[in-house]
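Protein chains: 2
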Amino acid sequence: MTDNESHADAPVVAVVLAAGFGTRFDPNNPKQLVSVGGKAIVAWSIEAFETDPRVTDIVVVVNPRVRSAVEELVDGAGYPKVRLIIDGGAERVDSTMAALDALAANGIPADAKVLIHDAVRPFVLRSSIDGCIDALDEYRAATVAVASTDTVLLTRDLGDRKVVDSVPDRPNTFRAQTPQAFRFATIRDAYARAAEDPDFHPTDDTRVVVDYLPGEPVAIVAGSETNLKVTTLADLPIAERIAQDAAKARAKERMHEVLAEAAGRMRR
Amino acid sequence: MTDNESHADAPVVAVVLAAGFGTRFDPNNPKQLVSVGGKAIVAWSIEAFETDPRVTDIVVVVNPRVRSAVEELVDGAGYPKVRLIIDGGAERVDSTMAALDALAANGIPADAKVLIHDAVRPFVLRSSIDGCIDALDEYRAATVAVASTDTVLLTRDLGDRKVVDSVPDRPNTFRAQTPQAFRFATIRDAYARAAEDPDFHPTDDTRVVVDYLPGEPVAIVAGSETNLKVTTLADLPIAERIAQDAAKARAKERMHEVLAEAAGRMRR
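Chains A and B, in that order, are what the protein sequence lines are. Numbering of the first sequence is given in the working numbering, commencing with residue 516 and proceeding in unit increments. Numbering of the second sequence is given in the working numbering, commencing with residue 516 and proceeding in unit increments.
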């Protein structure tokens with residue numbers, strides 16, 4: 516990790532948002548608790564950060580209905596980086612704000628790298644997480660995204676129809692994924708400005724920075740098709756297939772780390 | 516079809532673009548000829564229009580490498596609406612222009628409804644085709660599209676990075692599919708204007724109208740997730756699953772038509 520030694524002091528905090536109620540899902544089995552590949556979706560997400568040696572701390576944001584289940588999962592698995600399990604709010608932004616407030620209350624430094632991740636994206640790649648951490652050396656904001664393979668149409672309402680307003684160049688159209696990553700001071704500043712705007716209703720943390728800190732470039736970090744958002748029951752068969760591959764990939768990563776650590780100890 | 520009697524005179528012409536070389540696919544087996552659910556992809560696409568009683572004519576655009584295979588398919592299946600199999604060009608727009616020229620040479624009227632469809636979207640729904648035909652009663656241009664479930668990011672280049680430029684409201688972001696549908700005079704006019712622009716390089720017919728006939732609203736017609744574009748080998752397993760369902764759905768549609776026709780004959 517020689518490349519990162521100059522930033523070794525800045526904590527890398529993953530905020531895992533697991534507070535959604537998932538109205539499009541089975542109401543009696545919140546989607547973040549659904550098991551794929553033998554493991555709850557939220558556990559996959561937490562482990563993606565838990566097993567990345569560059570991530571120092573994890574905060575999990577829950578709602579009252581899933582709190583005890585998530586606490587059991589965390590206690591059972593013994594994820595040592597999970598520092599806090601806090602209550603989120605009604606909307607996604609309320610959950611992000613609750614997390615930012617909790618980080619502030621816990622004295623996190625302004626230059627901390629904060630990676631905000633949707634728990635229902637269980638198969639985020641290590642390379643995307645590390646890509647965010649690296650991008651924050653150059654930029655104060657970054658987001659994982661994939662290039663759109665489809666032409667994107669921007670529309671407006673005309674009567675009861677949507678009509679096409681413009682067709683952006685395809686190489687400049689991306690689909691946002693998570694994590695979305697920010698230096699702590701930057702995302703706090705953006706949310707503080709947004710909170711003063713009565714029309715504030717974003718669904719995406721990147722947009723808060725783009726809209727309220729317009730001078731601040733947000734870097735694109737390569738995501739993957741496998742980093743899907745589990746939104747409906749129809750996503751579960753695909754998620755199961757990805758889970759099988761992800762389990763192998765993560766076991767391989769872990770093996771490489773163990774070997775690297777052992778080699779490091781032998782050299783000392 | 517009482518709603519459509521006032522437009523019964525305007526032909527409805529499907530242009531099936533099967534001229535792509537599919538560089539991301541197996542070069543020895545062009546993707547439009549790959550079989551899914553026991554049928555070539557291009558045959559699925561032609562049949563979607565062949566079996567829709569509101570479509571009057573079909574033009575298939577091919578490249579020299581697939582011409583004889585497509586001709587054999589059409590002869591073998593005996594699709595009676597296929598009037599022409601013409602050669603396309605190097606780019607998608609060249610193929611569209613070749614089709615428009617062929618339609619003009621064949622004396623198609625200015626008010627004909629032209630539905631331009633990518634052959635590699637084999638599972639277009641009847642409802643999307645009919646939605647285009649209906650939309651052209653109110654608008655001169657329409658495109659099948661699906662609402663984006665992901666937040667779309669519009670980017671620009673900053674050094675060797677893409678950075679986010681803006682984040683449009685999600686309800687106004689759609690992913691374009693095909694068919695894209697136009698009154699013949701409108702798409703001819705748009706392409707004629709585009710041809711005078713040395714910077715012309717669109718990848719999408721809708722964009723030609725949006726960019727070169729800016730006053731012309733293009734209506735959004737509901738597409739479907741199953742109307743996928745078969746682009747890489749990785750799409751084939753999904754395509755196979757959709758093919759199974761599509762075969763059943765089309766058989767059901769056909770049965771309803773036969774029954775409706777029989778009922779109509781009994782009433783006369």
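Hints may be right or wrong, so weigh each one.
Stated by the list, open to error - Simulated crosslink set (DSBU-like; lysine-lysine; CA at most 35 Å straight-line):
1) Lys763(A) <-> Lys767(B)
2) Lys744(B) <-> Lys744(A)
3) Lys763(B) <-> Lys744(A)
4) Lys744(A) <-> Lys596(B)
Don't read these hints as lab results, they were simulated from the structure. Quantities reported herein were computed from a predicted structural model and do not represent experimental measurements.
Evaluation of the provided hints:
| no. | hint | result |
| --- | --- | --- |
| 1 | Lys763(A) <-> Lys767(B) | violated (42 Å) |
| 2 | Lys744(B) <-> Lys744(A) | holds (21 Å) |
| 3 | Lys763(B) <-> Lys744(A) | holds (29 Å) |
| 4 | Lys744(A) <-> Lys596(B) | violated (42 Å) |
Checked against the numbered hints given earlier, the structure breaks hints 1 and 4 and satisfies all the rest.
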